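Visitor: The primary structure of each chain is shown beneath.
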Amino acid sequence: MATRRALKAVLIDLSGTLHIEDTAVPGAQEALARLRSAPVAVKFVTNTTKECKRNLLERLRKLNFDIQEQEIFTSLTAARNLLEQRKVRPLLLVEDSALEDFSGIDTSDPNAVVIGLAPDHFNYEMLNKAFGLILDGAPLIAIHKARYYKRKDGLALGPGPFVTGLEYATDTQATVVGKPEKTFFLEALRDLGCSPEEAVMIGDDARDDVGGGQSAGMRGILVQTGKYRAGDEGKINPAPYLTCQSFPQAVDHILQTLVQPE
Amino acid sequence: MADHKWTGCVKSLKGVILDMCGVLYDSGEGGGVPISGSIEAVKRLKESDLQLRFCTNETQATREKFVAKLQRMGFELSVSEVFSPAPAAVSILKQRGLRPHLLVHDDVVSEFDSVDKTSPNCVVIGDAADKFSYKNLNDAFQVLIGLEKPVLFSLGRGRYYKETDGLKLDVGVYMKALEYASDVEAEVVGKPSAMFFQSVLDDMGIQPHEALMIGDDLVNDVGGAQQCGMKGLQVRTGKYR
Numbered sequence: 052m053a054t055r056r057a058l059k060a061v062l063i064d065l066s067g068t069l070h071i072e073d074t075a076v077p078g079a080q081e082a083l084a085r086l087r088s089a090p091v092a093v094k095f096v097t098n099t100t101k102e103c104k105r106n107l108l109e110r111l112r113k114l115n116f117d118i119q120e121q122e123i124f125t126s127l128t129a130a131r132n133l134l135e136q137r138k139v140r141p142l143l144l145v146e147d148s149a150l151e152d153f154s155g156i157d158t159s160d161p162n163a164v165v166i167g168l169a170p171d172h173f174n175y176e177m178l179n180k181a182f183g184l185i186l187d188g189a190p191l192i193a194i195h196k197a198r199y200y201k202r203k204d205g206l207a208l209g210p211g212p213f214v215t216g217l218e219y220a221t222d223t224q225a226t227v228v229g230k231p232e233k234t235f236f237l238e239a240l241r242d243l244g245c246s247p248e249e250a251v252m253i254g255d256d257a258r259d260d261v262g263g264g265q266s267a268g269m270r271g272i273l274v275q276t277g278k279y280r281a282g283d284e285g286k287i288n289p290a291p292y293l294t295c296q297s298f299p300q301a302v303d304h305i306l307q308t309l310v311q312p313e
Numbered sequence: 650m651a652d653h654k655w656t657g658c659v660k661s662l663k664g665v666i667l668d669m670c671g672v673l674y675d676s677g678e679g680g681g682v683p684i685s686g687s688i689e690a691v692k693r694l695k696e697s698d699l700q701l702r703f704c705t706n707e708t709q710a711t712r713e714k715f716v717a718k719l720q721r722m723g724f725e726l727s728v729s730e731v732f733s734p735a736p737a738a739v740s741i742l743k744q745r746g747l748r749p750h751l752l753v754h755d756d757v758v759s760e761f762d763s764v765d766k767t768s769p770n771c772v773v774i775g776d777a778a779d780k781f782s783y784k785n786l787n788d789a790f791q792v793l794i795g796l797e798k799p800v801l802f803s804l805g806r807g808r809y810y811k812e813t814d815g816l817k818l819d820v821g822v823y824m825k826a827l828e829y830a831s832d833v834e835a836e837v838v839g840k841p842s843a844m845f846f847q848s849v850l851d852d853m854g855i856q857p858h859e860a861l862m863i864g865d866d867l868v869n870d871v872g873g874a875q876q877c878g879m880k881g882l883q884v885r886t887g888k889y890r
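Going down the list, the protein sequences come from chains Y and W.
Here the first sequence stands for residues 52 to 313, where the numbers follow my numbering.
Here the second sequence stands for residues 650 to 890, where the numbers follow my numbering.
None of these hints come from the bench; they were simulated from the model.
Bear in mind that the values here come from a model prediction, so they are computed numbers and not experimental data.
Mixed in with the good hints, there may be bad ones.
Below, a list of computed lysine to any residue pairs in the SDA-like style, where the Cα atoms sit at most 20 Å apart [stated by the list, open to error]:
(1) Y:K180 <-> W:K811
(2) W:K784 <-> Y:L206
(3) W:K743 <-> W:M844
Pulled out of the complex, with its shape left as it was, chain Y reads as follows (with noise of 0.2 Å):
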């Protein structure tokens, strides 16, 4: 770590690290706080396929967290920026509360595909549309590959079924947006002026958060709450850089070792 230069930036994960559902974690925002005061930018990191920046914003405000809307860096703004940086129009399927965050985006005579969490739109008819798309040479864009997601009645499928099918019918791979793909943690960086050395990811999943944010070249720190469970710090190699009891004890490392004085 000698070699390492002073830190920049911090990018912290919502769900799980600052908040679980609507509970803050204890501590979480005088933490938050106090890492404004030190010298960093500070960006707030989510994977998301429904949730649109604004529904985010108001649960993390109505917890007392002080937070702006263009601090919030998701899977969808990532998807948002590709689509802008190679101009194309996409076919969105994508569930109708997250749409506010494609508004503006031309979507007519659509060729490109891009594939969030989507029941209603994931019908035979619409996977051919998109098919048909995609072997025209429309770039296949997913928001993420997770495999299910715990709903009341059980397990569901995620968007990852859905492109790994059409994958395997067009014979082509998908440029996933979301966490861990490195390209998202420094789209996220980007705005921010800084390299990834300067930068450090804190989270409670290992291999999304802390093994995403270090395979870019950051530091990652792991804390245990939210869907951590003992032992995950052992399942990413390398291993974390530090793994902490919380979010609270995360900022404290921060502002006593890698921030230095002006």
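Model the placement of chain W on the given structure of chain Y, informed by the hints.
Guide: Relative to chain Y, chain W alone:
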């Protein structure tokens, strides 16, 4: 195939297996249309000394209805000459005492009438077309994820096929989706499974090197046949691109 090999193949040839959709006809609204010259070609093969069988991964209709459709188009063939995945799956299910949850086309459900379907301990998927809704796929997934040792049968593993109004997703796509979601590997019944081709060869009583498979699918027809030691011939009709 090099010319000298081709001559050798023709000399030892005793039987021909024909894929149907994309070789004999293009499917679509109203049952589809014969590919030009194919009705006469089947007739010529039947008049030759060669044995002839038909091998399809068609699972949108019972074998009887499917054969009747081809007969109406003008093809000379009978049910006993046609091999399709559903009857093959039924015999496997009975052999292994498995009770399926079916995700198949409505018109093929009756092929499974003789199979116990209570309290399912495996999933069978076929080309269900419009029945491939999120809910139906999720129901199949919940059966698989609830089993201690999930078993998934797929009637074929095709990527897509051609209908008169364009290319359509085939069962293989949904097989892959369920494999990925439930972390299982499907057992494929139908082409390109070696067991399926072998049953056709057994019926003709010939060796693999004495048989030629003609199809429009490079992987499932030509590749599958060649894996079994048969000769494979790809036609540039149907799904060929």
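Visitor: Look at each hint and say if it fits the structure.
Guide: Going down the list of hints, with the structure as the test:
Only pairs whose Cα atoms come within 20 Å are accepted, and Y:K180 paired with W:K811 is accepted, the gap being roughly 14 Å. Annotation: proposed proximity of W:K784 to Y:L206 holds, straight-line Cα distance about 12 Å (limit 20 Å). Distance restraint check for W:K743 and W:M844: the Cα-Cα separation of roughly 16 Å lies within the 20 Å cut-off, and the hinted pair is therefore satisfied.
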